[in-house]
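Engineer: Residues per chain, in single letters:
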Amino acid sequence: MTLEAVLVVAAALFSVGLYGAISQQVVVMVMMGLELMLNGVILAAAGFWWFLSPDPTGQVLLLVVIAAMTLEMAMGFAVATLLHRSRGSDMTDMATDLSR
Amino acid sequence: MLESVVFWVLAVLAVASGVAVFRVDSMARATYALAVSFVAVGLALLLVDLHYIGVITVLMMVMEMAVMAVYMVMFMGMNPALMPMSMVHDNRAAIAAAVTTFVVLAGGALLVPWPSRREPDPGTVAGTAQALGEAIMGSKMLVMLTVSPAMVATIVAGVVLAGARGRYDRLGDDLDRRPADDPQPGGVGR
Numbered sequence: 001m002t003l004e005a006v007l008v009v010a011a012a013l014f015s016v017g018l019y020g021a022i023s024q025q026v027v028v029m030v031m032m033g034l035e036l037m038l039n040g041v042i043l044a045a046a047g048f049w050w051f052l053s054p055d056p057t058g059q060v061l062l063l064v065v066i067a068a069m070t071l072e073m074a075m076g077f078a079v080a081t082l083l084h085r086s087r088g089s090d091m092t093d094m095a096t097d098l099s100r
Numbered sequence: 001m002l003e004s005v006v007f008w009v010l011a012v013l014a015v016a017s018g019v020a021v022f023r024v025d026s027m028a029r030a031t032y033a034l035a036v037s038f039v040a041v042g043l044a045l046l047l048v049d050l051h052y053i054g055v056i057t058v059l060m061m062v063m064e065m066a067v068m069a070v071y072m073v074m075f076m077g078m079n080p081a082l083m084p085m086s087m088v089h090d091n092r093a094a095i096a097a098a099v100t101t102f103v104v105l106a107g108g109a110l111l112v113p114w115p116s117r118r119e120p121d122p123g124t125v126a127g128t129a130q131a132l133g134e135a136i137m138g139s140k141m142l143v144m145l146t147v148s149p150a151m152v153a154t155i156v157a158g159v160v161l162a163g164a165r166g167r168y169d170r171l172g173d174d175l176d177r178r179p180a181d182d183p184q185p186g187g188v189g190r
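From first to last, the protein sequence lines stand for chains U and B. Counting in my numbering, the first sequence runs from 1 upward without gaps. Counting in my numbering, the second sequence runs from 1 upward without gaps.
Hints listed in this document are in silico derivations from the structure and should not be mistaken for laboratory results. Treat the hints with care, since some could be wrong.
With beta-carbon atoms standing in for the labels, derived distance ranges [claimed, not checked]:
1) B/Met144 / U/Ser86: 29 to 37 Å
2) B/Asp182 / U/Arg85: 12 to 20 Å
3) U/Glu72 / B/Leu145: 18 to 26 Å
From the three backbone atoms N, C-alpha and C, an ideal C-beta is built for every residue, glycine too.
Input sequences plus hints: build the corresponding full structure.
Structural biologist: Below you can see the structure in the form of structure tokens.
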């Protein structure tokens, strides 16, 4: 196991998540894409921590990323609920008001 | 050697299940696939001595995916395990963006001359929950002091957004309706 290997796997996870975040129409599926991207960030940060700076305080960055992931999920679920309540749909194409 | 084998098995599992999220026929299966990807990454974290982070990644993401599966059932109005679905837009552009991103990131990872692994200072307790706790409550407390209000703000914003009735429902478009139009009146003078 090398840092390069960890980073390549993390890049693959990030890229797959990016594909989902861009291509999916359902809000919850978009959130899944964002989650996968953050999954890759967690793995990359863990690799950097282990190989380059394995001191205890480095773990705090990972904790912050995980906290950001939970906040994203909570807000995403709330927005999905609001969209569904106000428009009867949870599709991103139904929420493009700001693009007009 | 064994560590490398386990890492690659987990890596392939994480990426393959990540791809499966957007390839399977139902949202329920997509949710389970994402949970598998997170579990694989959580186990990979255990390989690099991130015991606490690895365990909370597994526990938190499994619970989160369970919540997500409930949302799927709530919003899709169908049995997500039986109903095939494919709802994408700009598929080609998304694939191009993802491939380009992967090539750039992986190229950077492979071309940068990374230094060899630095061993932790002797006597430190790197990688343990105790070390993380001491960092949070000591030198890195400001980070957690920042995260905490963000979490509180998220709770408030989540409740406001997801609430069935807001102040405009109660007080009208100009916020001047008195008394408020509540399904169950309350307060003084009801």
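Engineer: The structure should be examined with respect to each hint, and the outcome stated for every one.
Structural biologist: Structure-based check of each hint:
Taking 29 to 37 Å as the suggested C-beta distance range, the pair B/Met144 and U/Ser86 conforms, at roughly 35 Å. Range check, B/Asp182 to U/Arg85: Cβ separation about 18 Å, and the 12 to 20 Å hint holds. A C-beta distance of roughly 20 Å is found between U/Glu72 and B/Leu145, which places it inside the suggested range of 18 to 26 Å.
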